[in-house]
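Please take these sequences and the hints and turn them into a complete structure.
Take a look at the letters that make up each chain.
2 protein chains.
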Amino acid sequence: MMQMSLEFIRIVLVETTHPGNIGASARAMKTMGFSRLHLVKPKLFPNAEATARAAGADDILANVQVHQSLSEAVNDCVLVIGTSARVRNISCPILSPDRVNTEILECVRSESQVAIVFGRESSGLSNEELDVCNKMTMIPTSDDFSSLNLASAVQLICYELFKFSKANNRDDQKLIDKSETITNEELNKFYEHLQQCLIEINYLDPEKPRKLMRRLKQLFNRSALDQNEYNILRGILSAVQEKVRQK
Amino acid sequence: MMQMSLEFIRIVLVETTHPGNIGASARAMKTMGFSRLHLVKPKLFPNAEATARAAGADDILANVQVHQSLSEAVNDCVLVIGTSARVRNISCPILSPDRVNTEILECVRSESQVAIVFGRESSGLSNEELDVCNKMTMIPTSDDFSSLNLASAVQLICYELFKFSKANNRDDQKLIDKSETITNEELNKFYEHLQQCLIEINYLDPEKPRKLMRRLKQLFNRSALDQNEYNILRGILSAVQEKVRQK
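Chains A and B, in that order, are what the protein sequence lines are.
Residues in the first sequence are numbered from 1 upward in steps of one, following my numbering.
Residues in the second sequence are numbered from 1 upward in steps of one, following my numbering.
FYI, nobody ran anything at the bench for these hints, they're computed from the structure.
Do not take every clue at face value.
If several chains are the same, the list does not tell them apart, and a pair holds so long as it fits within one copy or across any two.
[Said to hold, decoys possible] Listed below are the simulated DSBU-like cross-link pairs for lysine-lysine, each with C-alpha atoms no more than 30 Å apart in a straight line:
#  : residue 1 : residue 2
1  : K189      : K163
2  : K208      : K43
3  : K163      : K211
4  : K41       : K135
5  : K135      : K163
6  : K243      : K135
7  : K135      : K166
8  : K208      : K163
9  : K189      : K211
10 : K135      : K189
11 : K243      : K43
12 : K166      : K41
13 : K243      : K163
14 : K166      : K189
Computed from a predicted model, the values in this text were never measured in an experiment.
As structure tokens, then:
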């Protein structure tokens, strides 16, 4: 039962430079019962070093899905959690490991897809990629040295989820209605719609966008829209456009 | 204050085969505020791959202490914790991570030395090495795949201790009297004394020792003798010997 529910959680590695880290991440995942690994533009994959470091988790490497962007990798996900070792230019909520685990397991119980996203070895996630995440979590480290290896970060996050999932593996918990939450694909459609609408009403100058869309995304990412709210917002945008175009 | 107390904890790697794992373990330690690394008969050290994988934790590698046996590496330690991914032929107590953390921090608060011991990549710790440990702890893993990378195991143990130490970092907790607990060196002296005594009384045949000493060690390791009990036992052994030799 617990093993099954972890099936809804994917690990996403963005532009990994060292293939050894991909293999080591696969091994780390498997020790904690995870199996679904997605890669966004890996530098070298498939690769012999990845296979060597996977050391028995070859099945995970064999089933890897490779994508051209983070958005593509998390398209069908309801919850997208970014990971960071440092507090940076992030304005979406930063959750403690416990809090983030609670949210992830709520999603998983309603059979919704969840992604946990790990950035580049050197520079983490870009601002654009951070905007794709609904929530962030941080692994606690020493103040003097926070340089976690990528596979170590995957190991720690998977370990916390594995422990949490075992501790909370009660079948009697109420299932959350799957239709309540929207997918990342829907959210992106909403953002495109919103942006188009803002341009049409001359609020957003596509030549000088500044940080407008970024801020709006941060707001709505944080809000975790449900289906009904989503329909209403899309309806409003359409109504605005219809009105504008009539003129 | 907390950083200081972690100074009393050493990580001991026994006969590590891959030098990369030594470097990666040093990095893992440093991210969680640990600094003291001891190696027992490493296959290759110092080594360029160890340095490369340490990635900023070179100071830990520079201060590594190399030993010829596990006993030597933990000689001045009051508490020696073995780690294992599997339940094997172990009869000393296996503690949960929380319980083991409590015992470690109690030792550290009384400024006693603690060792956490990690075995070979392929075969873990030998029976003889297991007997050196007072307690064991196990990292929870998937039933289907428990093959944690060595540096990942170090990462997880250090992470749990780091978190626990932060959560329990209260100065007002009563210090435990340092003299209460005995060192591993004293314990070994007791075992030698005991064995000698058993031979002298013809209970132990050195030609056919069977598992007698091993079982006795497991018993006393589990008991965590204090100084007073130790003195009494040594006194009893001496008295026995004196009596036997008089005949």
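Status of each hint after checking the structure:
no. : hint        : result
1   : K189 / K163 : neither (35 Å within a copy, 40 Å between copies)
2   : K208 / K43  : neither (33 Å within a copy, 60 Å between copies)
3   : K163 / K211 : neither (39 Å within a copy, 37 Å between copies)
4   : K41 / K135  : within (22 Å within a copy, 45 Å between copies)
5   : K135 / K163 : both (21 Å within a copy, 22 Å between copies)
6   : K243 / K135 : neither (35 Å within a copy, 74 Å between copies)
7   : K135 / K166 : both (23 Å within a copy, 24 Å between copies)
8   : K208 / K163 : neither (47 Å within a copy, 46 Å between copies)
9   : K189 / K211 : within (19 Å within a copy, 70 Å between copies)
10  : K135 / K189 : within (19 Å within a copy, 56 Å between copies)
11  : K243 / K43  : neither (48 Å within a copy, 76 Å between copies)
12  : K166 / K41  : neither (33 Å within a copy, 38 Å between copies)
13  : K243 / K163 : neither (53 Å within a copy, 56 Å between copies)
14  : K166 / K189 : neither (36 Å within a copy, 43 Å between copies)
The structure fails to meet hints 1, 2, 3, 6, 8, 11, 12, 13, 14 from the earlier list, while all remaining hints are met.
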